[in-house]
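S.K.: Read off the chains here:
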Amino acid sequence: MPVSFREKVDEVLLPGDVFSLRLPEFGSDVKAEKAVCGPGLRRNGDQVLVCKSGVLRHKAPNVYWIDSQQKRYVPAKGERVIGIITARSGDVFKVDVGGSEPASLSFLAFEGATKRNRPNVQVGDLVYAHFIIANKDMEPELACIDSCGHANGMGVFGEGGLMFRLSLGLVRRLLAPQSMIVKDLEKLFPFEMVVGLNGRVWVKAKSIQQTLIVTNLLESCENMTAQQRQTLFQRVAEGNL
Amino acid sequence: MAKDGAAKLSKNLLRMKFMQRGLDDEVKKQLEEEEKRVISDDHWYLDLPELKAKENYIIEEKSFVPCEDLVYGRMSFKGFNPEVEKLMLVMNSGSRNEEEEDVGKMESDITDEEMARRYESLVSSMKRTMSKKRERSTLEGGRTQNNHTTRAKKVFLKPQD
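Line by line, the protein sequences are chains H and L. Just so we're aligned: the first sequence equals residues 1 to 241 in the UniProt record's numbering. Just so we're aligned: the second sequence equals residues 1 to 161 in the UniProt record's numbering.
For the record, the hints were derived by calculation from the structure and aren't laboratory data. C-beta: ideal position from N, C-alpha, C; glycine also. Just so you know, not all the hints are guaranteed correct.
[Stated by the list, open to error] Lysine-lysine pairs mimicking BS3-like chemistry, simulated, CA-CA at most 30 Å apart:
1) Lys-36/L / Lys-206/H
2) Lys-52/H / Lys-71/H
3) Lys-52/H / Lys-62/L
4) Lys-136/H / Lys-17/L
5) Lys-206/H / Lys-187/H
6) Lys-94/H / Lys-11/L
7) Lys-77/H / Lys-62/L
8) Lys-62/L / Lys-183/H
9) Lys-11/L / Lys-183/H
10) Lys-94/H / Lys-115/H
11) Lys-187/H / Lys-86/L
12) Lys-94/H / Lys-59/H
13) Lys-62/L / Lys-34/H
14) Lys-78/L / Lys-183/H
15) Lys-206/H / Lys-78/L
16) Lys-28/L / Lys-62/L
[Stated by the list, open to error] To spell it out: a stretch of chain L is covered by chain H in this simulated footprint if at least three of its residues, at any positions, have a beta carbon under 8 Å from a beta carbon of chain H; those stretches are:
17) 13–20
18) 37–43
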């Protein structure tokens, strides 16, 4: 029996739950407004199926998604990720993004690259890129330029510094607007960070020691309350860890 | 006698362009109908009920980015990498209002007078680059001689015979 979505916001849902977005009292003459179902939800005719377990979230006006914890990354179009160049074959690089399949990255998809002027990319380099093709039937494709041909910070990066993995949920918490973790972190010392939505994070600070401090702090953020985190950060800032 | 002769001609021959003039309306119609039937027999179609396109009220979105308004992934703090800090401002300006005010301030950095002065110098330098070599020399020469000599434009002199 399909139930309305609105009553279930901020509740835990399980895969297989079925919902209808149209409320029964509306009837067919009232035009239903369009709804967006985000990750974790699937459309089936007029109904919505839940396909991930997690908490149902809602954003005005009509966006719903499932907030789930997972470690396996599934490429999605438009998401910016950190990839590792694993091979170059002809005109494309193969990039490991942590998905089920390596993504391809054309050597023309860099800022200022032409057929003659090839980008200086070696196997083993880190790239910050976004998906231009990502669906379940095809090989994902990355690009380091936007539609206007600007890099906007994408491309090869990562001289020095350290890359490590976090869970996808924590990465989203880091990227949330006005993220509390980032606000606590930036009080410590100058450092640089690249956060990919595939769970990879790259950190660089002035010294190796500081880089490792940030790394360990981020890894410990996974299972800490805000209070615990703030006391830990306080201790680090005072210099007695 | 002539009519009987025409009837014996084959249909394919009658369908030819130069034979059409002599045909009367009845035969013409008959030929056209036959042609139509041949075409419709060749035409295949699926014996299915018509598809009704339903309007879709649910849009699928696979990415978290638009749902949670996730920010740009490159960050730098306390001036570690100024380039990235600039990028952060640009890329995250859409979601916040504070930065938009900053942009407004930046636009009023240069006053209109300063702008006019800059354009003045730009126009003269552009004029120099756009003009031909000969004209440029006269331009510069004119400047040193206080713009007194304005050489007459060269015109074609008709030779006298």
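S.K.: Using C-beta distances, would you say chain H covers the stretch 37–43 of chain L, given that this needs three or more residues below 8 Å?
M.R.: It is violated: at least three residues are needed, and the stretch 37–43 of chain L offers just 0 whose Cβ sits closer than 8 Å to chain H.
S.K.: Given the hint that Lys-206/H pairs with Lys-187/H, does the C-alpha gap stay at or below 30 Å?
M.R.: 15 Å, holds
S.K.: Is the Cα-Cα distance between Lys-206/H and Lys-78/L 30 Å or less?
M.R.: Since the Cα atoms of Lys-206/H and Lys-78/L sit roughly 12 Å apart, the hinted pair holds (cutoff 30 Å).
S.K.: For the pair supplied as a hint, Lys-77/H and Lys-62/L, confirm whether the alpha-carbon distance does not exceed 30 Å.
M.R.: Answer holds: Lys-77/H to Lys-62/L is near 7 Å, not above 30 Å.
S.K.: Does the alpha-carbon distance linking Lys-11/L and Lys-183/H stay inside the 30 Å limit?
M.R.: 90 Å, violated
S.K.: With the threshold set at 30 Å, check whether the alpha-carbon distance from Lys-52/H to Lys-71/H stays at or below it.
M.R.: Satisfied, since the Cα-Cα distance of roughly 13 Å is no more than 30 Å.
S.K.: Against the 30 Å threshold, does the CA-CA distance of Lys-62/L and Lys-183/H hold or violate the hint?
M.R.: 28 Å, holds
S.K.: Is Lys-78/L within 30 Å of Lys-183/H, Cα to Cα?
M.R.: Given pair Lys-78/L, Lys-183/H holds - Cα atoms ~12 Å apart, limit 30 Å.
S.K.: Need the status of pair Lys-136/H, Lys-17/L: alpha-carbon distance at most 30 Å?
M.R.: Distance ~58 Å between Lys-136/H and Lys-17/L Cα, so the pair is violated.
S.K.: Taking only the CA atoms, is the gap from Lys-62/L to Lys-34/H under or equal to 30 Å?
M.R.: 16 Å, holds
S.K.: Check whether the Cα positions of Lys-28/L and Lys-62/L lie no farther apart than 30 Å.
M.R.: Status violated; Cα separation ~62 Å.
S.K.: Given the proposed pairing of Lys-94/H with Lys-59/H, does the C-alpha separation stay at or below 30 Å?
M.R.: Not satisfied, since the Cα-Cα distance of roughly 36 Å exceeds 30 Å.
Against the hints set out earlier in the document, violations occur for numbers 1, 4, 6, 9, 12, 16, 17 and 18.
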